[in-house]
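Participant: Next come the chains, spelled out residue by residue.
Number of protein chains: 2
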Amino acid sequence: MRIIVDVMGGDNAPGELVKGAVQAAELYSANYILVGDRTAIEAVAAEQGYDLSRFEIVHTESVICMEDDPISVVRAKRDSSMGVGLQMLADDRGDAFVSTGNTGALFTGATLIVRKIKGIQRAAIASVLPFSTPVLLLDSGANLTVTPDQLVQFSMMGSIYMQNLFNLSSPRVGLLNNGIEACKGTALQLGAYEKLLADESVNFVGNIEASRIPHNACDVLVTDGFTGNIVLKYTEGMGKMMIGTLKGMFKANTLTKMSALLVKGQLGEIKHTFDASEYGGAPFLGISRPVIKAHGNSNAKAFRNAIRQAIDYVNTGVTYDIARAIGEIKQAENAEREEKSNG
Amino acid sequence: MRIIVDVMGGDNAPGELVKGAVQAAELYSANYILVGDRTAIEAVAAEQGYDLSRFEIVHTESVICMEDDPISVVRAKRDSSMGVGLQMLADDRGDAFVSTGNTGALFTGATLIVRKIKGIQRAAIASVLPFSTPVLLLDSGANLTVTPDQLVQFSMMGSIYMQNLFNLSSPRVGLLNNGIEACKGTALQLGAYEKLLADESVNFVGNIEASRIPHNACDVLVTDGFTGNIVLKYTEGMGKMMIGTLKGMFKANTLTKMSALLVKGQLGEIKHTFDASEYGGAPFLGISRPVIKAHGNSNAKAFRNAIRQAIDYVNTGVTYDIARAIGEIKQAENAEREEKSNG
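Chains as they are written, first to last, in this note's numbering: chain A, 1 to 343; chain B, 344 to 686.
No lab work stands behind these hints, which were simulated from the structure alone.
Keep in mind the model is a prediction, meaning the values are calculated, not measured.
Glycine included, each C-beta is placed from N, C-alpha and C at the ideal position.
Some hints here could point you the wrong way.
[Stated by the list, open to error] Some chain B residues close to chain A (C-beta under 10 Å, calculated; not the full set):
| no. | residue |
| --- | --- |
| 1 | G447 |
| 2 | H558 |
| 3 | L575 |
| 4 | Y577 |
| 5 | M584 |
| 6 | L589 |
| 7 | G591 |
| 8 | M601 |
| 9 | L605 |
| 10 | E612 |
| 11 | I613 |
| 12 | I669 |
| 13 | I672 |
| 14 | K673 |
| 15 | Q674 |
Please construct the entire structure, taking both the sequences and the accompanying hints into account.
Facilitator: Have a look at this one:
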């Protein structure tokens, strides 16, 4: 197992990312390849007293910024830590790639350099919403507009991911919609509903209203990337608001401050629920090799979890299962077509 | 001022709705017309010891159910409490109509019976999101797909509503989008961004990411009805989840139960924040006379607040201001067109 780690992206590079990688290496056996500025990486190691001899370091100088055009990863900044890391993954010089960098650039690079699994129309960004029963939301921002067939593929990929990474035998797939009735939604939802109902390979539980998302309604929630991005970011915003409200509540006066001490453990659990770092990063499903986007503000712990997730992603064979499923689906479609033309 | 009140729709009809109307009548001076089953209304009054002599009661037998096709309000169930109430509003036998019934039917009826303000392409359902700085979200479900021009009209209508009902001199209008940059979104957002930027009649503050919705980013948030419905319902679902989590936290053991007593006042405030009943109902902006949709599960207090909102809606002249604004816009457009054809 070889994990390629981009230590240059996001808000806390390279300090927290090098720390996260070193922590991961202590916990999870694998070969770690750090891609980034060698001097900066070694400075972090010197400061923290890390021995980097077990790491391979691939030196790069350029970095993709949040402001960069996504396409720059395959053009002007192909030599960036992200571009080099993705190329290494494509060339089989590693088994997975983890980065906190610019989401758009990472997705563009994954699609153009590493490439999609054959038969997958669109890769998707899948994000785990941090409720007591986690929900895998896809697409959460890569494809602003999609087709019903693409939503069906997202359902299949999301199911395989949840089966493998969350040990669910038959993940419940829901279609995000403005009502539960079959007649709800735009042409996209109407078309997808019909196709999902007919698809025996996924456990489709119907339309899901947004009010039910936090309440154990489904394990995989499919939607277009525009709506998915709204849901993902609103979850984050509401979580922050909730924690802020709680803090305000307990800071009100001496009695409430005492009260905070009594529920300290429970408060920690709530914070944990909304702490994206617990769940690591967002896998790009449909890419031919595992690419994980860690949150841009990842600290060492969040980044370490994203690396663990990449290892699980490789170990459980998600990519293989998706390729097999899409192959089987294509075969079934071809057989059906042949039958029709013969009959 | 004559308020037409549908006491037959929603989950708690007619009991809580009659109670809410009686409470409103005690607080806010107006003529109240109750539309619904006379026997059922009188039974509530007898049980509660209400004197109904100050109310006009218009007897109806049929009721629009949640399962009814929206169009039934103008067809098979035109004689329902909702259909009759809307017709009375259209015939100037009242100044505003409040109902907890089927949203789709109420919107369809408002559009087809009461009709839109001349020049308004699409009426919209506007909902107040209950944050410390309230946000008026529109459209929150009536028009699943819209055009950039319709979003511009929504901005104008939402601004006028917030000016009048929330006393804001220059409401900040935001466009819900998947990023803050001008280049973000689908063709709809790209088109709307450009038009909103050029429109001097609204205080456009740019694209708003969903993470910022609870954090005082804007006063009016415009989006298509599909996305708006997702945001509205997710707010509700997250609020419930949050309150459930807090309850669970305080019920954990004896110490946490003691703690709950210490923060009782603060807990009440949080519940209040997420209590939709505080804000009353959702106005249908763009309809030629005020129609307010109260929440389907309204209790007496929520319904009373929706009635107060209807009174404010009439008193502040929102409908008049919208009609005037759209008239002025049309005039300006005509003048520009004439100038071009002359020049």
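Participant: Go through the hint on I613 of chain B and say holds or violated, using the shortest Cβ distance to chain A against 10 Å.
Facilitator: Hint on I613 of chain B: holds, closest Cβ of chain A at ~6 Å, below 10 Å.
Participant: Just to be careful: measuring from the Cβ of G447 of chain B to every Cβ in chain A, is the smallest value less than 10 Å?
Facilitator: holds (9 Å)
Participant: Closer than 10 Å between Cβ atoms is the bar; does G591 of chain B clear it against chain A? Give me holds or violated.
Facilitator: Because about 8 Å separates G591 of chain B from the closest Cβ in chain A, which is inside the 10 Å limit, the hint holds.
Participant: Hey, does the E612 of chain B contact hint survive, CB to chain A under 10 Å?
Facilitator: Interface hint status for E612 of chain B: holds (8 Å vs cutoff 10 Å).
Participant: Was the hint right that M601 of chain B lines chain A, CB cutoff 10 Å?
Facilitator: holds (6 Å)
Participant: Just to be careful: measuring from the Cβ of I669 of chain B to every Cβ in chain A, is the smallest value less than 10 Å?
Facilitator: Status violated, d = 27 Å.
Participant: Minimum Cβ distance from L575 of chain B to chain A below 10 Å?
Facilitator: holds (8 Å)
Participant: The hint names Q674 of chain B as touching chain A; please verify it with the least Cβ-Cβ distance against 10 Å.
Facilitator: Hint violated; Q674 of chain B Cβ to chain A Cβ min 35 Å, cut 10 Å.
Participant: Interface hint check: I672 of chain B, Cβ to nearest Cβ on chain A, cutoff 10 Å. Holds or violated?
Facilitator: Interface hint status for I672 of chain B: violated (28 Å vs cutoff 10 Å).
Participant: Tell me if L589 of chain B is really an interface residue toward chain A, meaning its C-beta lies closer than 10 Å to one of theirs.
Facilitator: holds (8 Å)
Participant: Taking 10 Å as the limit, does the beta-carbon of Y577 of chain B come near enough to a beta-carbon in chain A?
Facilitator: holds (4 Å)
Participant: Under the criterion of a CB-CB separation shorter than 10 Å, is K673 of chain B in contact with chain A as hinted?
Facilitator: violated (30 Å)
This entry does not satisfy hints 12, 13, 14 and 15, going by the numbered hints stated previously.
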